[in-house]
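Undergrad: Taking the numbering used here, the leading residue of the sequence shown gets 46, the next gets one more, and so forth.
One or more hints might be untrue.
To be verified - Below, a list of computed lysine-lysine pairs in the DSSO-like style, where the Cα atoms sit at most 30 Å apart:
hint : residue 1 : residue 2
1    : Lys118    : Lys173
2    : Lys288    : Lys240
3    : Lys259    : Lys288
4    : Lys104    : Lys191
5    : Lys104    : Lys144
6    : Lys446    : Lys521
7    : Lys521    : Lys240
8    : Lys240    : Lys191
9    : Lys374    : Lys144
10   : Lys104    : Lys118
11   : Lys521    : Lys475
12   : Lys144    : Lys118
13   : Lys400    : Lys104
14   : Lys446    : Lys475
15   : Lys400    : Lys173
16   : Lys548    : Lys349
17   : Lys118    : Lys191
18   : Lys155    : Lys144
19   : Lys285    : Lys118
20   : Lys155    : Lys191
21   : Lys475    : Lys285
22   : Lys173    : Lys261
23   : Lys240    : Lys111
Hint data in this document are derived by calculation from the structure and do not stem from the laboratory.
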Amino acid sequence: MKRKLLPLLLILALLLSGCATTKSSNGNPDTLSDATAALQTEMDEIQTMLEEIGTSVGKSPAGDEKAYSLMNKQLNSKTYFFDILVCDADSNVTQVATKMDSPFIGLNLKSINRHPELFVDTPAMVIKPHTSTDDTPYLYASVPIKNGGWVIAYIDPYSFGAELSKLTIGQNLDLGVIDTNGTNVYTSNMTEIGKNILTDPIYSSFVELQTLIKNKMIPNAQGEGTYTYNAVGTNDPVQKQVKWDTVSAFGSDLRIYVNSEPGTGEPTTSKGDLRQFTDEELSWLDTASTFIYSEFTTLENLTKAAVTAYQQSGENSDAFSSALAAIAKESPIAKNVAFVNNQNLITNAYPTYFKGISFDLYDKNIPAISQQKQPFITDLTFADHQSPSMQLLAFVTPVEKDGQIAGYIVTQVRLYDFAAYLTNLESIGKDVNFMLTNNDGTILYDGDLTEIGMNTFEDDLYAEGTLSDYIHNEYKPNREGQSQYEFYGAGMTEIIPKRVVWKTMTFMWNDFKLSMNSEWKPVE
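Using the sequences provided together with the hints, build the complete structure.
TA: Structure representation (structure tokens):
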């Protein structure tokens with residue numbers, strides 16, 4: 046959803062530290078130059094920060110309060126930081142930036158981490174690949190500590206890339222980052238983060254793209270080129286122009302690029318009433334609704350199976366543990382699953398290292414939430430900054446045995462993981478954008494990544510003009526309908542009308558609103 050608001054101009058100021066706004070609304074070189082400078086600044090700052098942490102707290106006693114305080118301050122200095130850990134020469138965690146009594150203290154990272162290249166004598170950076178459906182991709186950065194050990198930062202690539210993508214606001218450009226192995230560090234289609242363009246089967250039909258990356262982008266630090274592919278569903282050829290540059294990061298190189306479609310026209314600015322949706326276009330909303338509903342039905346059924354496993358086999362059984370793991374492994378949106386007993390203690394979980402944590406840390410009363418049957422949004426880490434990378438949409442399911450509630454299954458859906466899954470909606474329809482909000486107005490998905498996690502009912506960005514009128518007078522009180530609103534188009538100098546249709550979906554005991562909007566030429 047776009048908004049007709051002057052504060053959009055301010056978004057461009059909220060870029061990565063030291064980042065300048067673009068100099069031209071259609072100049073690839075300017076956008077690429079700005080993005081390259083911004084990314085290089087960030088990578089340098091991250092490495093310096095981790096080195097300073099290693100010097101300051103590398104030899105502090107495990108769980109030291111002063112070390113925690115310093116690291117938590119650094120964690121909150123970047124919205125895309127998910128966590129920061131310090132480990133000793135044997136890879137045992139000694140300090141965590143999130144919580145002093147975290148079960149991560151003492152955890153051996155080599156026992157669970159798939160990236161042995163982090164534990165070397167030089168700075169390193171890797172992107173976690175998608176190897177199973179329950180994976181969440183992270184960018185890992187590490188620096189060695191003198192006399193042994195490492196400082197490791199967990200960086201959320203969704204938040205990291207969303208900040209960079211603000212540089213392309215108002216332009217017909219897409220911005221991304223790959224490493225020199227061809228793996229996506231960031232791309233606007235979030236389901237592709239962590240996938241290797243040269244080897245992953247989803248790119249098998251993109252031969253020209255693979256050739257460009259292999260023969261030009263990887264060998265050359267800067268350059269430009271073109272590639273063509275057939276659009277999904279139409280087989281119409283689409284040509285892309287690509288220009289790239291290089292950023293040095295932790296001793297290796299990252300290729301940052303912008304691509305565009307030649308001849309892309311500007312949005313219409315004609316005056317007049319927008320035409321109505323056709324029957325075929327309205328069916329796209331139903332198709333999207335079915336797509337989302339199917340996933341939540343799967344999640345609900347997996348949760349019911351876990352309840353049955355508890356009732357039949359008990360809290361500590363392998364059957365119950367396997368059923369909890371199946372929720373995360375078989376659902377692309379549920380990443381963490383916990384069983385919370387009546388004392389608010391997590392006694393079984395997937396991943397298993399969450400066992401033993403008190404759910405009091407989330408400052409949530411699970412029994413009360415269960416009675417209300419409402420999902421709650423909470424922070425996944427204990428960083429102070431607000432970011433969708435830190436936010437969970439959590440569903441609570443009571444588990445009954447012998448007529449009594451024995452505990453609760455808490456299924457946690459990270460907002461950006463959910464948004465990554467819903468990027469599949471882009472293949473539905475033509476020239477449309479989908480948005481999904483929960484019952485309190487929080488945006489769970491929007492084609493504009495910068496809006497995920499915002500609240501359409503409360504955020505100032507949605508508080509003016511025809512957009513505000515539509516949200517509060519039509520969208521919020523009505524379960525379904527059609528309307529239109531306006532926003533500023535490319536360059537934020539011309540008003541663009543937008544047609545919108547929405548419906549309410551109910552699953553997991555909750556209402557969610559799905560809307561579809563599009564820019565069309567007004568009726569002649």
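Undergrad: Are the hints correct? Go through all of them and say.
TA: Structure-based check of all given hints:
1. Lys118 to Lys173: holds, 25 Å
2. Lys288 to Lys240: The given pair, whose Cα atoms are some 21 Å apart, holds under the 30 Å limit.
3. Lys259 to Lys288: holds, 15 Å
4. Lys104 to Lys191: holds, 10 Å
5. Lys104 to Lys144: Since the Cα atoms of lysine 104 and lysine 144 sit roughly 18 Å apart, the hinted pair holds (cutoff 30 Å).
6. Lys446 to Lys521: violated, 39 Å
7. Lys521 to Lys240: violated, 38 Å
8. Lys240 to Lys191: Cα-Cα ~34 Å, so violated.
9. Lys374 to Lys144: holds, 27 Å
10. Lys104 to Lys118: At roughly 19 Å apart (the allowed maximum being 30 Å), lysine 118 and lysine 104 satisfy the hint.
11. Lys521 to Lys475: Roughly 26 Å separates the two Cα atoms, so the pair holds.
12. Lys144 to Lys118: Holds: lysine 144 and lysine 118 sit about 12 Å apart, inside 30 Å.
13. Lys400 to Lys104: holds, 28 Å
14. Lys446 to Lys475: Violated. Lysine 446 to lysine 475 sits at ~50 Å, over the 30 Å cutoff.
15. Lys400 to Lys173: Status holds; Cα separation ~24 Å.
16. Lys548 to Lys349: holds, 27 Å
17. Lys118 to Lys191: At roughly 22 Å apart (the allowed maximum being 30 Å), lysine 191 and lysine 118 satisfy the hint.
18. Lys155 to Lys144: Holds, because 21 Å separates the two Cα atoms, which is no more than 30 Å.
19. Lys285 to Lys118: violated, 42 Å
20. Lys155 to Lys191: Distance of about 19 Å is within 30 Å: holds.
21. Lys475 to Lys285: holds, 18 Å
22. Lys173 to Lys261: holds, 24 Å
23. Lys240 to Lys111: violated, 39 Å
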